[in-house]
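**Q** So that you can map any letter, position 155 of the sequence shown is 155 in the numbering used here, and since no number is skipped, the others follow by simple counting.
Hints may be right or wrong, so weigh each one.
[To be verified] If you anchor each label on the Cβ, the simulated ranges turn out as follows:
1. 35 <-> 249: 24 to 32 Å
2. 110 <-> 249: 24 to 32 Å
3. 254 <-> 160: 25 to 33 Å
4. 157 <-> 46: 22 to 30 Å
5. 252 <-> 87: 39 to 47 Å
6. 46 <-> 112: 33 to 41 Å
What the hints contain is simulated information worked out from the structure, not anything from laboratory work. Built from N, CA and C at the ideal position, the CB exists for glycine as well.
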Amino acid sequence: MLFRPCIDLHDGKVVQIVGGSLRDDRPDSLETNFVSPHSPAEYATMYKDHGLSGGHVISLGPGNEDAVSAALSAYPGGMQYGGGVNLGNAMDYLNAGASHVIVTSWVFSNNRLDEGKLAALTKAVGRNRLVLDLSCRFRDGDFYVVTNRWQTFTEEKVDAILLERLATWCCEYLVHGVDVEGKSQGIQEDLIRILGAHSPLPVTYAGGVSRLEDLDLVKSIGQDRVDLTIGSALDIFGGKVPYRDVLKWVKANNTA
Numbered sequence: 001m002l003f004r005p006c007i008d009l010h011d012g013k014v015v016q017i018v019g020g021s022l023r024d025d026r027p028d029s030l031e032t033n034f035v036s037p038h039s040p041a042e043y044a045t046m047y048k049d050h051g052l053s054g055g056h057v058i059s060l061g062p063g064n065e066d067a068v069s070a071a072l073s074a075y076p077g078g079m080q081y082g083g084g085v086n087l088g089n090a091m092d093y094l095n096a097g098a099s100h101v102i103v104t105s106w107v108f109s110n111n112r113l114d115e116g117k118l119a120a121l122t123k124a125v126g127r128n129r130l131v132l133d134l135s136c137r138f139r140d141g142d143f144y145v146v147t148n149r150w151q152t153f154t155e156e157k158v159d160a161i162l163l164e165r166l167a168t169w170c171c172e173y174l175v176h177g178v179d180v181e182g183k184s185q186g187i188q189e190d191l192i193r194i195l196g197a198h199s200p201l202p203v204t205y206a207g208g209v210s211r212l213e214d215l216d217l218v219k220s221i222g223q224d225r226v227d228l229t230i231g232s233a234l235d236i237f238g239g240k241v242p243y244r245d246v247l248k249w250v251k252a253n254n255t256a
């Protein structure tokens, strides 16, 4: 299991938000936990210096172009990029320094995965540089992929069938537990169990981490097959979990 760092961007600044609160139709609905005084490049450089790779830079809406460029330039090849990725711009982000591009909403049509779009994107960037974002919400006893800033439920259920079917198109999955994202009130253990038991690819889970011990919990229930991102809970994002203790955990678990 790896610890994967993150840089979330809104209006050009590093932030942490409550999952699902960002909406195009209601900008005032955004619930922000933290706005950093430090630049995206400073965070990227810190991760680089500490040998933490495979994390992600996520653009939450427009106005982040310069911030994205600065972060990717500070750690070329060290972080993935997601946010508005499509066939027309995916290579631009890779050329700017992203190790991979992360895509979600663009590959959906009528709330179902559009394998024609997915095939075109895979051909353009290569399967080994494409990450599918399967961030999801719980409904009627199952987890369903959500799109459009996590507001729209799709018909795609996160289960063994979906995880196996999509493995031919990408090299990794990123999965936010949207119902708990940014709340630091506990992880979605059932979702992590599904990912650990059924994902044939590397998969990173994010959402709800509230304590350092959650690293051990995810490692256990995810069968040491699910990587973890920590956002709002980290002290570098205004939370209570010391980043330095996470680095010690990484070193102790030989995951760097």
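**Q** Please list, smallest to largest, the hint numbers that this structure does not respect.
**A** Hints 2, 4 contradicted; others consistent.
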